[in-house]
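**Student:** One-letter residues, chain by chain:
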Amino acid sequence: MKTIEDLRRLREECKAKLDSRKASGVQLIIGLGTCGIAAGGKEVMNAVNDELAKHNLKNVTVIQTGCIGMCEQEVLVDVVRPGEPRVTYGHVTPGDVPKIVEEHIINGRVVADLAVGKIAD
Amino acid sequence: MTDVNKTYESVPLYNDLSFFKKQQRLVLANCGFMDPEVIEEYIIRGGYEALAIALTKMSPADVVEEVKKSGLRGRGGGGFATGMKWSFAAKSPGPKKYVVCNADEGDPGAFMDRSVLEGDPHKLLEGMAICGYAIGADEGYIYCRAEYPLAIKRLKLAIKQAEDMGFLGDNLFGTNFSFHLKIKEGAGAFVCGEETALMASIEGKRGMPRPRPPFPAISGLWGKPTNINNVETFANVPTIITKGADWYAAIGTEKSKGTKVFALTGKVNNTGLVEVPMGITMKEVIFEVGGGIPNGKKFKGAQIGGPSGGCIPESLINNPIDYDSLIQAGAMMGSGGLVVMDEDTCMVDLARFFLTFTQAESCGKCTPCREGTKRMLEILNRITEGKGKAGDIALLEDLAKNIKATALCGLGQTAPNPVLSTLRYFRHEYEAHINEKRCPAGACGALASFSITEACKGCSLCKKVCPVNAISGEAKALHAINKDVCIKCGACVEKCPFKAIIKG
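Chain order of the listed sequences is A and B.
Residue numbers for the first sequence follow my numbering, so the first one is 37 and each next one is one higher.
Residue numbers for the second sequence follow my numbering, so the first one is 2 and each next one is one higher.
Excised from the complex, chain A in its bound form (with noise of 0.2 Å):
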């Protein structure tokens, strides 16, 4: 890393590559800050994998981040179908993973009553 342009390139070069895979499969976001685990978020990203291999879903990337500040919610769940807005589950228990894998992932249809908020990219 010698000169600004290298970061420049290595950001681009870095963005391409988060952008195909977006557009190629889904996202699976889970928060795990202090406040996602202490929530039972380990538990929650279990059931994500077991779920996804049930189903042989290899297009799925799960995804791991910080706190996004919507504590009282945790554990929260995010999923990103390819070109379509980012959904956040709020209060997921492992319980409900089977029903946002198959109703969202699989089915492209959101669960309305676990949905907390959406962002359009």
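Since the hints were derived computationally from the structure, they do not count as laboratory data.
Note that the Cβ used here is the ideal one computed from N, Cα and C, for glycine as well.
Worth double-checking, as some hints may not be accurate.
As a list, the in silico DSS-like pairs of lysine-lysine whose alpha-carbon atoms are at most 30 Å apart [stated by the list, open to error]:
| no. | chain 1 | residue 1 | chain 2 | residue 2 |
| --- | --- | --- | --- | --- |
| 1 | B | K484 | B | K500 |
| 2 | B | K154 | A | K53 |
| 3 | B | K157 | A | K38 |
| 4 | B | K183 | B | K92 |
| 5 | A | K51 | B | K58 |
| 6 | B | K97 | B | K225 |
| 7 | A | K38 | B | K92 |
Below, a sample of chain A positions facing chain B; criterion: calculated Cβ distance under 8 Å [as the list claims (entries may be wrong)]:
| no. | residue |
| --- | --- |
| 8 | I40 |
| 9 | L43 |
| 10 | G61 |
| 11 | A148 |
| 12 | G153 |
Covered stretches of chain B (chain A as the covering partner; in silico rule of three or more C-beta atoms under 8 Å from a C-beta of chain A) [stated by the list, open to error]:
| no. | region |
| --- | --- |
| 13 | 38 to 49 |
| 14 | 52 to 61 |
| 15 | 79 to 92 |
| 16 | 112 to 121 |
| 17 | 164 to 176 |
Chain B: place on chain A using the hints.
**Tutor:** Then chain B, alone, in the frame of chain A:
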């Protein structure tokens, strides 16, 4: 397909949620939006651009000037002008200087720094490296308590990644500026958040404060010029460099620029982490961002600044949140803990809680703090136990005044604040405890008393739920509580469908 689109329509946009509407996220911009363990995600979101700009396009003096111009003030509590602080360390003779980050977050109910460390660790590293360049330091320490294992894990990983990619280390961006970072894990003593105690702890000594001057900018870590800032302060720096001081200074009020992160806890619906522009009112933060008080209870006050701060009563919630207004109100910005209290909170008990904390955390070096907080706590304990005496309030005030004026460090100097501010706004509660042996909030167990009002319909539900058979009364007639038998458990209050049982 139309069906599918409709399912999205029913979900509100983040920006339309009251929790997000009034927030402005600079420090927390990336928290929750990227994987904190992947440096590439930070780079994609503009990371290390500020370091590159500072190193390749600005002189160290330019950087100090830019931070000065931004109006940034210390986010750890005191609110000292950051640019000014940097200029002192920059002027001190080298060659060896240090940058230290105070990540010893220990206020009860505060988790702002933890969330930044866990959610966006690179932002801190970048801010510290920029500071190192500005003041001429080639080494830095992050002092983080060992109770934050996840934060420490992510910091360690972030440092390794930044070293591997050339954002930390020697000759950064082809310049002769080198910067190395280390983590020092603290053992969790609250006093180690005080800068001189913190440095002693890094040096391997017992964490105790020393008198200032000399200030760290002259003689800090291992006697070398040192600049110490809090996590949030450093995390503001990259934004100031990339967006410019003028852009930054346009946010906030005349004397308090930028945003402030608050950990919103206590009796509030949206417990969590929020970042709001300076100058916003307490009412907006608690009732709009925070979603108000749960269970239809009445707002009583908010403790801001933790054990060093004070409470803001309902009469002042329309005041702006900025450094100077809060000081005027007898509180302080502090590091960002905001504990909301409802009608069930006893303000004497609150003061006692915070004093119990500071008293336990007093390092014992100076007499006013060691002995004074102990005596104050004894008085508060007896007041809440119904053994308060005439003259106790005056004695508390006298002790508070002397401790504030004579304690060695910030811990002791600010320890009386919760007592003074509750005395200022809720003096009648102290008086009720002492003179009438009554706790108006019904929170102090020893003083609680329950009684049944005329609203009683004689349904007998309370009689059935009472575990000690203290309630008597014929069906459909007014019931009564035998105060000699009552154990003050409150079960009857919750059971009564007519809200006929009151405590206080």
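**Student:** Evaluate each hint against the coordinates.
**Tutor:** Against the structure, the hints come out as follows:
1. B/K484 <-> B/K500: The hint holds at about 19 Å.
2. B/K154 <-> A/K53: holds, 26 Å
3. B/K157 <-> A/K38: OK: B/K157 and A/K38 at ~24 Å, within 30 Å.
4. B/K183 <-> B/K92: holds, 24 Å
5. A/K51 <-> B/K58: holds, 25 Å
6. B/K97 <-> B/K225: holds, 7 Å
7. A/K38 <-> B/K92: Given pair A/K38, B/K92 holds - Cα atoms ~28 Å apart, limit 30 Å.
8. I40: holds, 4 Å
9. L43: Check passed: Cβ of A/L43 comes within 5 Å of chain B, closer than 8 Å.
10. G61: Check failed: Cβ of A/G61 comes no nearer than 16 Å to chain B, outside 8 Å.
11. A148: holds, 5 Å
12. G153: Since the shortest Cβ distance to chain B is 5 Å, the answer is holds.
13. 38 to 49: holds (count 7)
14. 52 to 61: That given contact holds, which follows from 4 residues of the region 52 to 61 of chain B lying within Cβ reach (below 8 Å) of chain A.
15. 79 to 92: Result for this restraint: violated, n = 0.
16. 112 to 121: holds (count 6)
17. 164 to 176: Per the Cβ count (6), the hint holds.
Against the hints set out earlier in the document, violations occur for numbers 10 and 15.
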